[in-house]
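A.B. asks: Spelled out from the first residue to the last, the chains are:
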Amino acid sequence: MSKLLEIALGIVTGIGGFLEAGSLATAAQAGSEFGFQLIWAIALGTVCIAFLVEMAGRLAAVSRHTLPDAMRERFGIAFFLLPLAAVGVVSFLVLASEIGGVTLALEFSTGVSHRWWAIPSAFAIWLLLWKGNFGLIEKGTSMLGLVTLAFIVAAFKLHPASAEVVAGLVPRAPSHDPAKYWFTAVSIVGASVSPYLFYFYSAGAVEDQWDEGYLTINRITAGFGMTFGGMVAVAALICAALVLYPGGIQVDRYEQIPFLLSSPLARAGFWLFVGALFIACFGAALEIALELGYLVAQGLGWRWGENLRPRDAARFALVYTVALPLAALVIAAGIDPLKLTIMSMALTALSLPVTVVPLLVLMNDPQYLNEHTNGWVSNAAVLAVSVIACLVALVALPLQLFGS
Amino acid sequence: MLRRADLLVGLTISGLAFVLGCTKSPEAKAKEAKATLASWEATNKLLDEQRARGALPDQYVRQVIRAVEEGRAQATAELRQASAP
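So the sequences go chain by chain: A and B.
Letter by letter, the first sequence follows residues 11 to 414 in our numbering.
Letter by letter, the second sequence follows residues 2 to 86 in our numbering.
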């Protein structure tokens, strides 16, 4: 019974924690500019993150190592500095994007400019990390994150043509603006395959003291949780395709995104959007700030743990204590949160090989995984998605920034 | 054998050439600005429809009106710049 409860909780965590600033903004942009054409990118990213999360959980359950810890031990500190820098920079930018999402939700509900909310929001996130424990942060925000299911309700209310939705699962040449199409596609993959998700998951598995008895739970929760979570992102894309695309509205600012829910669900939809944006981004900001602490502390061999008092893991707590106000300053300085979010997601895609390849090497090492090493399907799927996303990002990023 | 410094210089020059080689033409900039302008007009229309249905609170309506005005002004300036001889 307790295992069933853990599976259910794990799946709920996956659903409630999937949608955040990046997946919402990229889905809205994709739907508004290309209709259903980019559903395949969400599906591809979802499959890839499901594999990665499962691997991170398996590594933790079998070897009792977190990802950074195992990477440093296996490759040495000199090599580890590369993924540390890549994941650190990308996670910091994503953290700023999530704080941007929180502040915009507050602006939509109060009318006070989002820039004024940046420091108070970062303080609230910090306070919860300082006073809370891992269970509260992981399960609490994910449970509240179920409000994002409003996108699925809205998508059904808009009556999408199922044949067109299914056709969107098949990659095809863009109907217009190929540079924007491929840039949006890699941003979607970057949003879905955010390294913070699997780094956080591996740390969580060690915090929760997983052992080999958790392998089945890990597989089920990673598979179903991420798949259902991906469906929420697809629902957001469908809403954008049916509300914004027919009128030729392209998402240039966050102010245009609440229409996705206010069109099908009226005023209740507006408030559901504000609630979903606030909770999803607040939860993601908590997890990313914590993940930055985990990454640095585990990688450098410091004492770490959200269940420890901050004075017992002082350097770990110091990392998120420094990262949060710095990320808040990016938003308070007036950087456009939507542009920051989209750019962060594309950079995430660009950095994927640096974060994913060392994980794949670890996952094929019997010294860490015993008989639970990767099969060829998961190796091939994750490697192909990461390398292709990186190559497309390498071409699409400068084209999107400077050319046409 | 290629030294690391030579490789870095080569990569930097290739990257710069790629970036400079794909700078937007004035026609492409004008087309993009027109699409953005049309998008803000459509946003304004959707806002009016939803405001009439009572689907949006006043403070949010004011924010969207401000965003539409800023978006239009920026797109108009870009269009003017792209059309300038």
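Worth flagging that the hints you see were computed from the coordinates, not collected in a lab.
None of the values given here were measured: they were computed from a predicted structure.
Just to be clear, a hint being listed does not mean it is correct.
Restricting the straight-line Cα-Cα distance to at most 20 Å, the calculated cross-link-like pairs of lysine to any residue (SDA-like) are [said to hold, decoys possible]:
#	chain 1	residue 1	chain 2	residue 2
1	B	K46	B	A85
2	B	K32	A	A276
3	A	K349	B	Q75
4	B	K32	A	P256
5	B	K32	A	G257
6	A	K190	B	Q60
7	B	K32	A	S185
8	B	K32	A	L411
9	A	K190	B	K46
10	B	K35	A	Y255
11	A	K190	A	K349
12	B	K30	B	Q60
13	B	K30	A	P408
14	B	K35	A	H186
15	B	K46	A	L411
16	B	K35	B	V62
17	B	K46	A	G257
18	B	K32	A	P184
19	A	K190	A	L401
20	A	K190	A	L404
21	A	K190	A	T383
22	A	K190	B	R67
23	B	K35	A	D187
24	A	K349	B	R67
25	B	K30	B	R67
26	A	K190	B	S26
27	B	K35	A	L401
28	B	K46	A	Y255
29	A	K349	B	A34
A.B. asks: Compare the structure with the hints numbered earlier in the document and write down the numbers of the violated ones, lowest to highest.
C.D. replies: Per hint list: 1, 2, 6, 9, 12, 15, 16, 21, 22, 25, 27 violated.
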